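Number of protein chains: 4
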Amino acid sequence: MSRCPYFEKKHLLFKSKPSIEESQDASQAGADKDSKGRIIYGDYLQLDKITTAQVLQSELQGNKIHDEHLFIVTHQAYELWFKQILFELDSVREIFISGHVRDERNMLKVNTRIHRIVMIFRLLVDQFAVLETMTALDFFDFRTYLTSASGFESLQFRLLENKIGVQDNLRVPYNRRHYKDYIKGDDTETLLETEQEPTLLKLVEEWLERTPGLEVDGFNFWERLEINIFDGLNVEEKKIEKMPESEEKEKLMVEVVQQREHFMSLFDEKRHEHLVSKGERRLSYKALQGALMIYFFREEPRFQVPFQLLTSLMDMDTLMTKWRYNHVCIVHRMIGSKAGTGGSSGYHYLRSTVSDRYKVFVDLFNLATFLVPRHWVPKLNPNVHTFLYMAECCDSSYCSSEDSD
Amino acid sequence: MSRCPYFEKKHLLFKSKPSIEESQDASQAGADKDSKGRIIYGDYLQLDKITTAQVLQSELQGNKIHDEHLFIVTHQAYELWFKQILFELDSVREIFISGHVRDERNMLKVNTRIHRIVMIFRLLVDQFAVLETMTALDFFDFRTYLTSASGFESLQFRLLENKIGVQDNLRVPYNRRHYKDYIKGDDTETLLETEQEPTLLKLVEEWLERTPGLEVDGFNFWERLEINIFDGLNVEEKKIEKMPESEEKEKLMVEVVQQREHFMSLFDEKRHEHLVSKGERRLSYKALQGALMIYFFREEPRFQVPFQLLTSLMDMDTLMTKWRYNHVCIVHRMIGSKAGTGGSSGYHYLRSTVSDRYKVFVDLFNLATFLVPRHWVPKLNPNVHTFLYMAECCDSSYCSSEDSD
Amino acid sequence: MSRCPYFEKKHLLFKSKPSIEESQDASQAGADKDSKGRIIYGDYLQLDKITTAQVLQSELQGNKIHDEHLFIVTHQAYELWFKQILFELDSVREIFISGHVRDERNMLKVNTRIHRIVMIFRLLVDQFAVLETMTALDFFDFRTYLTSASGFESLQFRLLENKIGVQDNLRVPYNRRHYKDYIKGDDTETLLETEQEPTLLKLVEEWLERTPGLEVDGFNFWERLEINIFDGLNVEEKKIEKMPESEEKEKLMVEVVQQREHFMSLFDEKRHEHLVSKGERRLSYKALQGALMIYFFREEPRFQVPFQLLTSLMDMDTLMTKWRYNHVCIVHRMIGSKAGTGGSSGYHYLRSTVSDRYKVFVDLFNLATFLVPRHWVPKLNPNVHTFLYMAECCDSSYCSSEDSD
Amino acid sequence: MSRCPYFEKKHLLFKSKPSIEESQDASQAGADKDSKGRIIYGDYLQLDKITTAQVLQSELQGNKIHDEHLFIVTHQAYELWFKQILFELDSVREIFISGHVRDERNMLKVNTRIHRIVMIFRLLVDQFAVLETMTALDFFDFRTYLTSASGFESLQFRLLENKIGVQDNLRVPYNRRHYKDYIKGDDTETLLETEQEPTLLKLVEEWLERTPGLEVDGFNFWERLEINIFDGLNVEEKKIEKMPESEEKEKLMVEVVQQREHFMSLFDEKRHEHLVSKGERRLSYKALQGALMIYFFREEPRFQVPFQLLTSLMDMDTLMTKWRYNHVCIVHRMIGSKAGTGGSSGYHYLRSTVSDRYKVFVDLFNLATFLVPRHWVPKLNPNVHTFLYMAECCDSSYCSSEDSD
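Chains as they are written, first to last, in our numbering: chain A, 5 to 409; chain B, 5 to 409; chain C, 5 to 409; chain D, 5 to 409.
Hints listed in this document are in silico derivations from the structure and should not be mistaken for laboratory results. Among the hints, a few may not be true.
A pair holds if it fits inside one copy or across any two, identical chains being indistinguishable in the list.
[Unchecked claim] Below, in silico cross-link-like pairs of lysine to any residue (SDA-like), each with a Cα-Cα straight-line distance of 20 Å or less:
{"no.": "1", "residue 1": "K342", "residue 2": "R275"}
{"no.": "2", "residue 1": "K342", "residue 2": "G283"}
{"no.": "3", "residue 1": "K206", "residue 2": "V280"}
{"no.": "4", "residue 1": "K53", "residue 2": "K282"}
{"no.": "5", "residue 1": "K342", "residue 2": "D360"}
{"no.": "6", "residue 1": "K290", "residue 2": "N173"}
{"no.": "7", "residue 1": "K113", "residue 2": "V309"}
{"no.": "8", "residue 1": "K113", "residue 2": "F100"}
{"no.": "9", "residue 1": "K113", "residue 2": "D142"}
{"no.": "10", "residue 1": "K342", "residue 2": "H352"}
{"no.": "11", "residue 1": "K87", "residue 2": "F132"}
{"no.": "12", "residue 1": "K53", "residue 2": "K87"}
{"no.": "13", "residue 1": "K87", "residue 2": "Q50"}
{"no.": "14", "residue 1": "K53", "residue 2": "P202"}
{"no.": "15", "residue 1": "K87", "residue 2": "T55"}
{"no.": "16", "residue 1": "K113", "residue 2": "T137"}
{"no.": "17", "residue 1": "K242", "residue 2": "Q263"}
{"no.": "18", "residue 1": "K87", "residue 2": "D52"}
{"no.": "19", "residue 1": "K342", "residue 2": "P377"}
{"no.": "20", "residue 1": "K290", "residue 2": "E245"}
These numbers come from a predicted model, not from an experiment.
So here's chain A without its partners, still in its complex pose (with noise of 0.2 Å):
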């Protein structure tokens, strides 16, 4: 009596909480069901409004044009994985917020979610190639019945930005206007209050800043690299100045004294909370330290996850500015960009907010310019192995495994 290909068995035995009776009535709330109580799947996917959402303009006003149903239902998918997005981020941030995180049980579901939304991600940019297949002709037929409706205006957008961490001051105006005049009503408040909630950039910030192995009376990662990045480059030094005069040498010096300038930026505090009110860095300087140390510490069973998380993490902000990108290259397909002519405009504006501005974690990125020889980077001693193994195993409550979200 099976009849879903998804089951083999109804599983009715495996509910695991709530009771035959409870869930009976329980269910009440929920979609309809059929005679024997089953649930329907239309009923549950609430396709009588998933599918009827579809209403054109064109066809309102007396000329109904084809290619503008290609047009909402490709915007309404959008929206449905925005949608997506946001709850796995909320999701994310939340067991950051709670602290859920401390125990590392929790690191699987970070990495998991934050994986999730590289995929649907990845689905995004490629969705791109179902709208090219509208020509700029199809659209110019029924782009003045839009108005000035734009995926400008989509709220799920900013909040996303937002709640990745999309920096207010590094947005770029858009004809001289903040993005907030953009949105409406309500929604400018909704808007509002993602500005106040720590963002995800914040909370992996604060993440990173408790990595394990930075403490000063401890393993002391912070100092111990200083001093092993300066040795390593005087003794290059060293080996230079005793090679026999040419250009070659000359360059090797003048390299040396280039990489020595380099890597003092790296550990001058000051240096770097100048380029943090530039907008040019974004993570304090204990967090940056903390990332570095997962870097190069990648292989510590402790470390594996975190490092997996960064890797996500940039693979999450490659993709959002190629989406960018792609929006960017629909956009003048659709609507070409006026030569010579002076003034923003719709094309040139997208074009500059596929900009590391737009990138979150450009620090991430960035530190692959302070990337060190295996040998330099300082040894673990048995006993800190054990530390990084054990990290915060032993203060972890043990909760139950049970999803608690």
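We have chain A already, so just place chains B, C and D on it with the hints.
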């Protein structure tokens, strides 16, 4: 004042048909507008419906499971795109039904829209990668709450199959019951109706039967092809007969005989009807001739777009079957397959639909077994050439070039 | 005895041109065969070359780094596909150069091959996802061994750019030096040669200039379009003048004026030449007219395939620019960007090439700013209609339908 | 003077191991360098081999067919990536064989490399879209020149299958002959060797058998799970017995009985061995226990990475099977399927390999049939918890963190 990235100008001027006054009236019925009469993005897309349609059964029953949200959104995205595919499919069928396709100008639309369906299916295949971020264990946590609701009950998917032309008698029964038994109430009627409507397969068949060049009192492609093929085979046979005895010669002789038999089946209408009755061929004898003619003369300007259409139909068929296979894969991952258990199961049922029985345009693929060297193809003479060019141009009424669907 | 999945039969019979004896002779020069004269898969593909070409510099220098293998294979895969793109590009240019495109039958080939390039670029964009499995830290471990070897030196990529039509004077210099300075020895010559050959842009331009319907003593599209547009704008203006005074009215008046100016620029050949000299337009004035004619009459059978070609050219351009942007992203990830450091860098150089300067067919995009309502487009009369149909059919010599490239 | 986009600096300083002098010596053996000792891009990638390996059989035989070039390049790209997959696979197997995996630090490498294989397969599945731009008619024009050479003879693909663990006795014979009969000369030996080496399946099996927590005198997961499950089922049964008589009650009773039988099969080692002998299960009884333990405790820090590995192995298996299915689809398109013809054929052979017989890690999928509610899973006590954390940490020798493969 232009605010929208999609517009350089509001182009109020460019509303083609309705006067300004009319449009203001008509718009009453449409999306809400802001104080300046502009349509609001969220209203236009009915986001109040789209982004509020995610109700978790697990939450209703007091045990919210995070991943159910993904399950819902993914299925809704599928249904949203199915809606779009049905919209394109209906418009293409309408062009064929109304006879508009006799005006060659409509072929661009037909082609573009079938190609768009192809691009959507490509996306839908990729979309499984998002659902695959859910593990069997995550799914297990909420699957009991779904009772038996499943994609098997998707009305739109069944409509899609019917409208393209999946044949009722070729469908695999599920648990010995017909697929319609799994569709509820009013929906059954909707489904029955589509079974009465001309399918895309049927409409393409009729169009292929009209392929210029098939006329017995004209170019007479079919008879000339038959002659050329058997002449060609005779020449080959004689060549082989002159070879010295060898294993190779024997093999070649066997092959000639097999080829002759194989091609005899092509020119044998009774055999064709027999294969049709078994479901191994789907197109009429005449339509098959048209398809092969288009294949061989694909480079003629008159046939370039028809050839693209045949190719796109195969793309669509292939992608639907890939979609089915990807579905099988994720079901295997979510619920496994009970090794050694008898009886049909969801997994095994789905596997059985990944079959040529469900490939609607299977004949277009299988014509590949009847290809011949280019010099066996009947030569066009200059008259036919011009004929192919002008085709149905002369009797087409000069309907306006405006979009009339 | 048939062993090969790609064959139902060996079809020895079907060797179209060469007799059996000849082919045995000719094959001497080719891939090795087994005792039965069959070609061996690995020899045919020269796998002894392909799969032995991975030599790790890090291994040679005594410190094998695992991920260098991926780095090599990825770049080799890029070069392999560049080879294929060049092959398609050369064949398309050859069709144009030889004048074969005047025989409309060759348009299918042109279209198919440009579309194939599009599909390859789509793959190449996706291919970055594989390289992104390498982290900056993995790359750091072997990047010194590469000294300065980089994709910047890819001859094939430069050939590709040149053959499509990236203009020398629009290229961004790298470290104030010309791109050719980075190409070695003989390769520079190869590169210089391509700069002398007609680019795809040039060939498409010439083809567009021949668009039927542009003739002043014939349909005279351009003059008629100009008249219609300014008539249309006048009608709009008068309508607006009759409106009661309001902010809206004023806005519409401003818009009419702007539109008139904008379109005047379209019909002003001198202004066009000025934009060309600045690199903001690339096509000749006549070619631009042809493109716009094809846009407006895209549904005419004569123009359906040409319209697809213009669309595919935009696809190709868009994908090349997406490829560039994806390249930028991975470089950012691999080497970071030195915040606050002056001077040009790899990352910043690459960013600067993601620009409309490198979009060869930029005019096809920007024509979107010159679209008009369908009822402003000059009407075809029955004669022109037939003309468009028969076009170059009558003067085409009836070349055989066999592949002649 | 830095010229390479991948480098901000030449970082000559950062050559970790070899001194400057040594490296200059060693490099003699490697790629050519320019006058300044820099490696040249084209030499490094051996492009003289890669881009000259396209020899068209059709051209050799005097009838150059354009699309043969695509056919060759596509297959070469497949082989290039197979090479990379084999490289990753060998390195992973090496880590397992050498016992390095006992040092948990190597799990990151194992995971990353299996994930890389997954990403490559994803690309290879997409790559079919490029080959699909070739029509059956284009293929027909040159397929006779290939005689019987086919992908079926790809040595690397067979090696891949063998190294992952496709079982010889589960392979589908092709034309009643063994797959090895289609591999030539020396290659057969290479193939036979891999059949002797430990497969990835075998190595993962051994690793799973060591899963901490399985020990009978320790946590004793398996026995405790068995008790919990049957206790749970008993509780359910009693609940149902108390329900008033109804159709529903009867159904539930039947279900309880079936579930009990089903789970008895899980705890019955003899039944397991029987299923193994039929090829329906592949892992040892102990390994199966380890896999289920990892599933249930996936959130424990000790098991997060192992759980990801199991997921990636399923991804890999799924993608290989999707690759097979995409292959089937293109073969159908290229050569068709002779309706009503008896005898095995390429198309039908390939179809038969899209089967669970070729899914190496099929047990990991099918464990989904043995999932249970979270409250049936044995609870960890604080001691085991710490144990799981520290796992093999204490007995791991502190090998240096440098890459040693």
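These are the hints, each one checked on the structure:
Only between protomers do K342 and R275 lie at most 20 Å apart by alpha-carbon distance; the minimum there is 13 Å, versus 42 Å within a single protomer. Taking CA atoms no more than 20 Å apart as the test, K342 paired with G283 passes between copies only; the shortest distance there is 13 Å, against 32 Å inside one copy. Taking the closest pair of Cα atoms, K206 and V280 come within 20 Å of each other only inside a single copy of the chain (13 Å); across copies the shortest separation is 49 Å, beyond that limit. In this assembly of identical chains, K53 and K282 lie within 20 Å of each other by CA distance neither inside one copy nor across copies; the values are 47 Å within and 42 Å between.
In this homomeric assembly, K342 and D360 come within 20 Å of each other (Cα to Cα) only across copies, at 12 Å, whereas the closest approach inside a single copy is 26 Å. For the identical chains of this complex, K290 and N173 are neighbours neither inside a copy (23 Å) nor across copies (47 Å), given an alpha-carbon limit of 20 Å. With identical chains, the CA atoms of K113 and V309 are at most 20 Å apart both within one copy (11 Å) and between copies (12 Å). Taking the closest pair of Cα atoms, K113 and F100 come within 20 Å of each other only inside a single copy of the chain (11 Å); across copies the shortest separation is 27 Å, beyond that limit.
For the identical chains of this complex, K113 and D142 are inter-copy neighbours only, at 11 Å across copies versus 44 Å inside a copy, given an alpha-carbon limit of 20 Å. In this assembly of identical chains, K342 and H352 lie within 20 Å of each other by CA distance solely inside one copy; the values are 10 Å within and 26 Å between copies. Taking CA atoms no more than 20 Å apart as the test, K87 paired with F132 passes in both settings, with 18 Å inside one copy and 18 Å between copies. In this homomeric assembly, K53 and K87 come within 20 Å of each other (Cα to Cα) both inside a single copy, at 16 Å, and across copies, at 12 Å.
When the C-alpha separation of K87 and Q50 is checked against a cutoff of 20 Å, the pair qualifies both within a copy, at 15 Å, and between copies, at 14 Å. Taking identical chains as interchangeable, the C-alpha atoms of K53 and P202 are never at most 20 Å apart, the minima being 33 Å within one chain and 29 Å between chains. Taking CA atoms no more than 20 Å apart as the test, K87 paired with T55 passes in both settings, with 17 Å inside one copy and 7 Å between copies. In this assembly of identical chains, K113 and T137 lie within 20 Å of each other by CA distance solely across copies; the values are 11 Å between and 37 Å within a copy.
Taking the closest pair of Cα atoms, K242 and Q263 come within 20 Å of each other only inside a single copy of the chain (15 Å); across copies the shortest separation is 70 Å, beyond that limit. When the C-alpha separation of K87 and D52 is checked against a cutoff of 20 Å, the pair qualifies both within a copy, at 19 Å, and between copies, at 12 Å. Proximity of K342 to P377 under the C-alpha cut-off of 20 Å is restricted to the inter-copy arrangement: shortest distance 19 Å between copies versus 50 Å within a copy. Taking the closest pair of Cα atoms, K290 and E245 never come within 20 Å of each other, the shortest separation being 36 Å inside a single copy and 62 Å across copies.
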